Amino acid sequence: MSHAPSPATRVTFAELKWMSVCLALALAAYIGALPPWILVLVGAACAIRLGRAARGRGAPGRWILLGIAAAAVLVLFLELHTFNGLAAGSALLSLVAGLKLLETQSRRDLYVVSFIIYFLCLADLLRSESLGLLLYLGAVSWLTTATLLRLTPSAPLPPWPRSLSYAGRIFAQALPIALVLWLFFPRLDSPFWRVPADAHAAESGLGDSMSPGDIVNLALSDEVAFRVRFQGDAPPAAQLYWRGPVLHEFDGRTWRRGAAGFARPAAIVSSGPAYRYLLSLEPSAHNWIFALDWPDRWDLAAASLNGDYMLVQSTAIVRPIDVAATSHTQMRAAEPLGDAARARDLSLPPARNPRTLAYARELRRAHPADRDYARAVLDLFHRDSFFYTLEPPPLGENSVDEFLFDTKRGFCGHYASAFATLMRAAGIPARVVTGYQGGLYNAYGDYRIVHQSDAHAWDEIWIEGQGWVRFDPTSAIAPTRVDASVAEALAAGASAAGRWRRFSWLGNVRLELDALGQIWRERILRFNQLSQQRLLANLGIPEPDGQKVVAAMAVGLGLAFAWLAWQIRREQRPQTKDPLVRAYDRLCRKLATVGLERRPCEAAETFAARVARERPDLGRTITTLCRRYARLRYGPPRSPKASLSFAARVRAFHPPRTPPGGASA
Amino acid sequence: MNLQRWRQAAITRLRRWSVRRHGADVLPMRINRRRIYIVPTRFGLMLGALLVAMLIAGLNYNSNLGLAFAFFMASLVLVAMHHCHRNLLGLSVDASLVADALLGTDAEFHFMLHNESAVERRDIEVRMPAPDGGGADPAAASACVGHLAYEPVPVAVATARRGICRWEQFELRTTHPFGWFRAWTYVHAPLTAFVAPRPRGERPLPAAGMGTASVARAQVRGEEEFAGLSVYAPGMPLKHMAWKVLARGGEPAVRIYSDLGAQPEWLEWSALEGLDPEARLSQLCRWVLHCEAGPPRPYGLRIPGVEIAPGHGASHRARCLRALAAHGAAAP
Chain A
1301 MSHAPSPATR VTFAELKWMS VCLALALAAY IGALPPWILV LVGAACAIRL GRAARGRGAP
1361 GRWILLGIAA AAVLVLFLEL HTFNGLAAGS ALLSLVAGLK LLETQSRRDL YVVSFIIYFL
1421 CLADLLRSES LGLLLYLGAV SWLTTATLLR LTPSAPLPPW PRSLSYAGRI FAQALPIALV
1481 LWLFFPRLDS PFWRVPADAH AAESGLGDSM SPGDIVNLAL SDEVAFRVRF QGDAPPAAQL
1541 YWRGPVLHEF DGRTWRRGAA GFARPAAIVS SGPAYRYLLS LEPSAHNWIF ALDWPDRWDL
1601 AAASLNGDYM LVQSTAIVRP IDVAATSHTQ MRAAEPLGDA ARARDLSLPP ARNPRTLAYA
1661 RELRRAHPAD RDYARAVLDL FHRDSFFYTL EPPPLGENSV DEFLFDTKRG FCGHYASAFA
1721 TLMRAAGIPA RVVTGYQGGL YNAYGDYRIV HQSDAHAWDE IWIEGQGWVR FDPTSAIAPT
1781 RVDASVAEAL AAGASAAGRW RRFSWLGNVR LELDALGQIW RERILRFNQL SQQRLLANLG
1841 IPEPDGQKVV AAMAVGLGLA FAWLAWQIRR EQRPQTKDPL VRAYDRLCRK LATVGLERRP
1901 CEAAETFAAR VARERPDLGR TITTLCRRYA RLRYGPPRSP KASLSFAARV RAFHPPRTPP
1961 GGASA
Chain B
437 MNLQRWRQAA ITRLRRWSVR RHGADVLPMR INRRRIYIVP TRFGLMLGAL LVAMLIAGLN
497 YNSNLGLAFA FFMASLVLVA MHHCHRNLLG LSVDASLVAD ALLGTDAEFH FMLHNESAVE
557 RRDIEVRMPA PDGGGADPAA ASACVGHLAY EPVPVAVATA RRGICRWEQF ELRTTHPFGW
617 FRAWTYVHAP LTAFVAPRPR GERPLPAAGM GTASVARAQV RGEEEFAGLS VYAPGMPLKH
677 MAWKVLARGG EPAVRIYSDL GAQPEWLEWS ALEGLDPEAR LSQLCRWVLH CEAGPPRPYG
737 LRIPGVEIAP GHGASHRARC LRALAAHGAA AP
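As given, the protein sequences belong to chains A and B, one line each in that order. Per the working numbering: the first sequence = residues 1301 to 1965. Per the working numbering: the second sequence = residues 437 to 768.
One chain only, chain A, in its complex shape (with noise of 0.2 Å):
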């Protein structure tokens, strides 16, 4: 092949333009998602192409490309010291397709730029879910399909219209095939291979720590933990602890989980009601789960209970993703608390505290029975002067024995690491427990969102024959001692959007949007197998399985390409707005059916003349119609009513296949 193309497949500077305008419209959607200087390469790239072909001038010397080529690889190597994963691959791809547009010497290059536009789209929506990135996207393929429409050869080329609306005719008639490969194409239950994850992926949320004052960051934020949908009833608000890590180890200032979690699930006898719910988790850096108190069933297999009866995956929760569980909120344990597992869940750093270690003896002294001594305390946090701010004042070495008897001022871990270190004081085992507790209710969709403000730390402690029981210290204080503070800055929150959930009319316009962003997440983002035998069973077929599955995606192709074919038939079909040449058509048509194709020579009459010879059974009929059409067609105006009525004989005049003697003439 020559380097030169011939001047019929050489690229003109129109379809080097579109192309270059629909690479960009593409890759408008990774600004802040790629490295910067990516993009302006390829744009760079474009341009200078451009500007040449608007010189007449074709592409730049090859090895000057290949200089170009290899060393943006190299530099977008050693930036992300991969090529795998989504972002590396975007960038890669990019780039690939900013060179090719470049080196664009015949028609054919620009095919391949076509095809990397195509992919980049996907790989946008495998990073993103937004239902308007998906519209953008497919606006783009679009206006790239329509592009390479005009790549031929042909002069004159069609208006830009006709192109858009016969690539917009060709993209409507895509719609049914791939709406019936989505619904009932098989999924996978899990990856071929594990998916890097993206070195952006969120972090944020509750952490496996806690010190003084970590949870207020939390508390500033309005971000979206996880949603949550109760099938049946629900709890009431305050009955709603999401549990989260469990925290053991204590050295005086910071609680960590420890290796309690890698222990197997004590047995529980769970009793009152069973709530089952719908949890769809947004993204975070762990593997946590926020179930319901105490689950006891979900559906999701990765998901397993660890140690402290927390619901964890085996890999962090990168891509949103949903559980339906079912939960109890009372329970009993059927086994005895562990020697390990009391003594950790006793233990105190030395020397730590020794106020606190002297009041909780006091304390004890008066209350010997377990329960009575944690309603002391809580009664403690009830009268004395205990606020509630989200500035609390910075606590030193022996920061519960600071807040207990010198400020009295701190936020829900503040009052939950100076319960469990009371309780531990007083030999009962406790744990402090980090979740989010309650959610807003969002009555457009039924459903709760849990905010990363719900954010949340309580204690449990271990009653002998009953079990670990809850115990919520925040709430003990009393309402009248919430700091102003806590209000204005839950109020006004870190931005306006925390504002606008809690108190304006656009709070509602924004639950609204969630419920809808809610729909789209359970039932287009979220389908899955199961949705799929769900949707089968909605059809009204028994039993549905992945065979089944797979046969409706069969059943749904054929009517999908039979309405296809229909489709392009009727686009040939010469159209003519006049019933009576529609309705003399029409007879034409079932009279070729039987065999009697009138030729384009033969004018109404002497058709029906050789229709007489050849069926003298339908002669009669033939005649009267044809001489009847030949009137209204050509003899004086009439109403239009007659072309309907002799619409009407045709629509009734069922030619049989042969004459009713059998003999056929």
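In short, the hints are calculated from the structure, not lab data. Nothing here was measured: the structure is a model prediction, and the numbers come from that model. Ideal Cβ positions, reconstructed from N, Cα and C, are used throughout, including at glycine. A hint or two may mislead.
[As the list claims (entries may be wrong)] Here are a few chain A residues that face chain B, going by a calculated C-beta distance under 10 Å:
1) Tyr1411
2) Tyr1418
3) Leu1426
4) Leu1431
5) Ser1441
6) Leu1448
7) Pro1453
8) Pro1456
9) Leu1479
10) Phe1485
11) Leu1830
12) Leu1864
13) Ala1865
14) Arg1869
15) Glu1871
Please build the complex by placing chain B on the supplied structure of chain A, with the hints as guidance.
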């Protein structure tokens, strides 16, 4: 290169099979769905690989949006395939089965495409594969046919040697709409090009003296008799044009004078002693053109095996030239 040869062999086999399957075609022919073949082009194959990659990516990331896009692209390709097929389906084609040319000029075949449907058919290419099935570039031309319209498509075939060139079939193909698929059909109607020799040679006309004398005499009015009108054909002298007839709205015509003294000119193979056969044919060809361009005086042609009685005019000229083209070649 091996691949290329393999591909060529496959195409040849398909063409032969298609002949066996459909037999000879009668023109004008309407293309039905049984005879349209369709395969992905190179870009179609690339796109197929891309679709597989998209599907794997969508499944692997378990992304419903990614899958939706991948499935949409796949459907787009399938619909494009139907549209490519549809672009040929129901098109009617007619062709001038014979073309005349002088060696070195193009033989021009005229094809007529008729679109009876309501949609435009874009980028229909008429191809005449190299006659001997060799690797030479086929002659081709493409056209767009509007809805319910006729579109003439001239295809110029370069001529490489004197003689009769035959094509057992020609091909209509299209890669519309997106260039992802190529649909084509073979039309089994033999096309023949008569390639007359290159007009060359400096020998005077055999009856040169007589010829010039008769031409000279023809200039003298009175000695020739008006014998009637004849339909004008290109090459006839304009001075004999019957302008009045034309002005009345009749067909262009020329006045014919019967020059009783003008004997028919015989262009004879045997008059060219000492030349090799191709040179003789070239000289004869030149003479035919010369006689045709001159005053309308009948001329005849005598070459071994063929004798064409004297005559004049475009069809006579074509007969003579075809005889020269066919000399030594198998009869068409």
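Here is what the structure says about each hint:
no.: 1; hint: Tyr1411; result: holds (5 Å)
no.: 2; hint: Tyr1418; result: holds (6 Å)
no.: 3; hint: Leu1426; result: holds (5 Å)
no.: 4; hint: Leu1431; result: holds (9 Å)
no.: 5; hint: Ser1441; result: holds (8 Å)
no.: 6; hint: Leu1448; result: holds (5 Å)
no.: 7; hint: Pro1453; result: holds (7 Å)
no.: 8; hint: Pro1456; result: holds (9 Å)
no.: 9; hint: Leu1479; result: holds (8 Å)
no.: 10; hint: Phe1485; result: holds (7 Å)
no.: 11; hint: Leu1830; result: violated (13 Å)
no.: 12; hint: Leu1864; result: holds (6 Å)
no.: 13; hint: Ala1865; result: holds (7 Å)
no.: 14; hint: Arg1869; result: holds (9 Å)
no.: 15; hint: Glu1871; result: holds (5 Å)
In this structure, the one hint that does not hold is number 11.
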